[in-house]
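Trainee: Sequence:
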Amino acid sequence: MTVSYTGTVGTASLKAFLLTLFRWRGSVWKAVWMELLVWSLAYAILSLCYRLAMNKEQQDKFEDVCALCYKYSELIPLTFLLGFYVTQVINRWQTMFSNLGWCDNYSLIVASYFGGKDERTRMMKRSIARYMSLLQVLVYRDISVRIRKRFPTLDSLITAGFLNENEKTTLDSSTGPHSRYYLPVMWSMKIIRTARDEGRLPSDFAVSDLYKNLLEYWNKEFTLVLFDWVPLPLVYTQVAYVTVRVYFLIALLGRQYIISDRYDDLRGPLDAYVPIFTMAQFVFYVGWLRVAEALLNPFGEDDDDFECNWVIDRNFGTSMKIVDSTEGGEGEARMVKDQFWDVSSPIPMYSSLFVPEKKADPQGSAVAEVKVPKEVIMVPRMDIPREANSRRKSISMVLSNTLSRFRSLSNLNSSNTPIDVEAIGRVTPIPSSNISRGQRSISECEQRNGK
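Mapping to UniProt numbering: the sequence shown position 57 is 57, numbers consecutive.
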């Protein structure tokens, strides 16, 4: 039975958290309490034997084993293994849920295409709806334990109204167990072809559309059969199950608190008799594994398995109700003028319970972040051309070369060395103040170019 708690978490609050945390059916507490109790008892027995029943030499050997288990237990990739395995199981579970099969599509199509109010037309529509429900029951009987208990034999299907004696004889005489799945679809298609021959369907396109919807429904139901036939590889499931259990078997020794000073990692600041953190880790990891165990076969008898009985009852009753609707009857709506006929823009209405709540109309994030001034002045943007940037670089290079020549000339003057004017070029004496000003200009240009 599916455990629904969606209404409890409708509001993110501490109350919703506590109400969700302390549920029992379908909870992690119900899933792990037995294994946690057994593990805690085993841990307590080992701890008591170590503290009370062993001598000094035996305690030293026990501590060596505990240290070995503590050191190498972290080599088990528990998080990676569980994360990947649970992801695969959940993806498989989602695919199964999407292929449960619902009667609404084909029932609405049948009710729409079949015209006429006579008894034969009604019999055709109801027979198609019953055959498709029979298909679902036949599939669920083979993959769901609960449905198998509800309908253990084909005679029970006759009593429930899904089958009659002639149809049961046909199913029994069919060759092979898998032929039962397509026979109800074949019967429905024959009815559709007969209805077209008798003029009860408007066109061949209606026949094609009806066939398409019936085959889509059959494909979903048969997908469930394939999932039941080919589960996840057994070795993968065994590795996940065994790894978690072995990890906590090693933790029985590796997480023991020792009383000597030989291993500081195992001693700890306090002599804790109850391994609180290891027990919390046990709840998390084993509970994580229980998620995969519960979802691996959602057609079983766990708390969170699919409500297959409800699906069958709902589809059977709804499909019969839809296809049995007639023109001008319960399934027909009369066209009338709506209450906003003379209003171009209807005014939304709210109940008195919702009116006090604040209405939050959606708006873009930039609208709330950008503050626009009252007066906005629009001006053109003056971008610097690329040629100007290159010209600026060339001017700075010329100034840099000139500065280097000035520096070499000043060095020659300070050393009283004769100046070769022809080699250096014609030089006009420049005051020292102008040279320092030029040096500052060149430095500023170099800094700008560096940026």
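Hints in this document: simulated from the structure, not taken from any laboratory. Cβ atoms here follow ideal geometry from the backbone N, Cα and C, with glycine treated the same way. Treat the hints with care, as some may be off.
Said to hold, decoys possible - SDA-like mimics (lysine to any residue), calculated; alpha carbons at most 25 Å apart, straight line:
{"#": "1", "residue 1": "LYS30", "residue 2": "ARG92"}
{"#": "2", "residue 1": "LYS71", "residue 2": "TRP187"}
{"#": "3", "residue 1": "LYS71", "residue 2": "THR87"}
{"#": "4", "residue 1": "LYS220", "residue 2": "PHE205"}
{"#": "5", "residue 1": "LYS56", "residue 2": "TRP187"}
{"#": "6", "residue 1": "LYS149", "residue 2": "ASP261"}
{"#": "7", "residue 1": "LYS220", "residue 2": "ARG245"}
{"#": "8", "residue 1": "LYS220", "residue 2": "ASP142"}
{"#": "9", "residue 1": "LYS220", "residue 2": "ARG193"}
{"#": "10", "residue 1": "LYS30", "residue 2": "ASP261"}
{"#": "11", "residue 1": "LYS168", "residue 2": "SER203"}
{"#": "12", "residue 1": "LYS149", "residue 2": "LYS71"}
Said to hold, decoys possible - Beta-carbon label-pair distances, calculated as ranges:
{"#": "13", "residue 1": "THR170", "residue 2": "LEU19", "range": "45 to 55 Å"}
{"#": "14", "residue 1": "VAL242", "residue 2": "VAL9", "range": "41 to 51 Å"}
{"#": "15", "residue 1": "MET335", "residue 2": "SER13", "range": "43 to 53 Å"}
{"#": "16", "residue 1": "THR318", "residue 2": "VAL372", "range": "47 to 57 Å"}
{"#": "17", "residue 1": "LEU21", "residue 2": "ILE45", "range": "51 to 61 Å"}
Trainee: Hint by hint, say whether it matches the structure.
Mentor: Hints versus structure:
no.	hint	verdict
1	LYS30 <-> ARG92	holds, 24 Å
2	LYS71 <-> TRP187	violated, 67 Å
3	LYS71 <-> THR87	violated, 29 Å
4	LYS220 <-> PHE205	holds, 23 Å
5	LYS56 <-> TRP187	violated, 82 Å
6	LYS149 <-> ASP261	violated, 61 Å
7	LYS220 <-> ARG245	violated, 37 Å
8	LYS220 <-> ASP142	holds, 15 Å
9	LYS220 <-> ARG193	holds, 23 Å
10	LYS30 <-> ASP261	violated, 39 Å
11	LYS168 <-> SER203	violated, 33 Å
12	LYS149 <-> LYS71	violated, 50 Å
13	THR170 <-> LEU19: 45 to 55 Å	holds, 52 Å
14	VAL242 <-> VAL9: 41 to 51 Å	violated, 34 Å
15	MET335 <-> SER13: 43 to 53 Å	holds, 46 Å
16	THR318 <-> VAL372: 47 to 57 Å	holds, 55 Å
17	LEU21 <-> ILE45: 51 to 61 Å	violated, 31 Å
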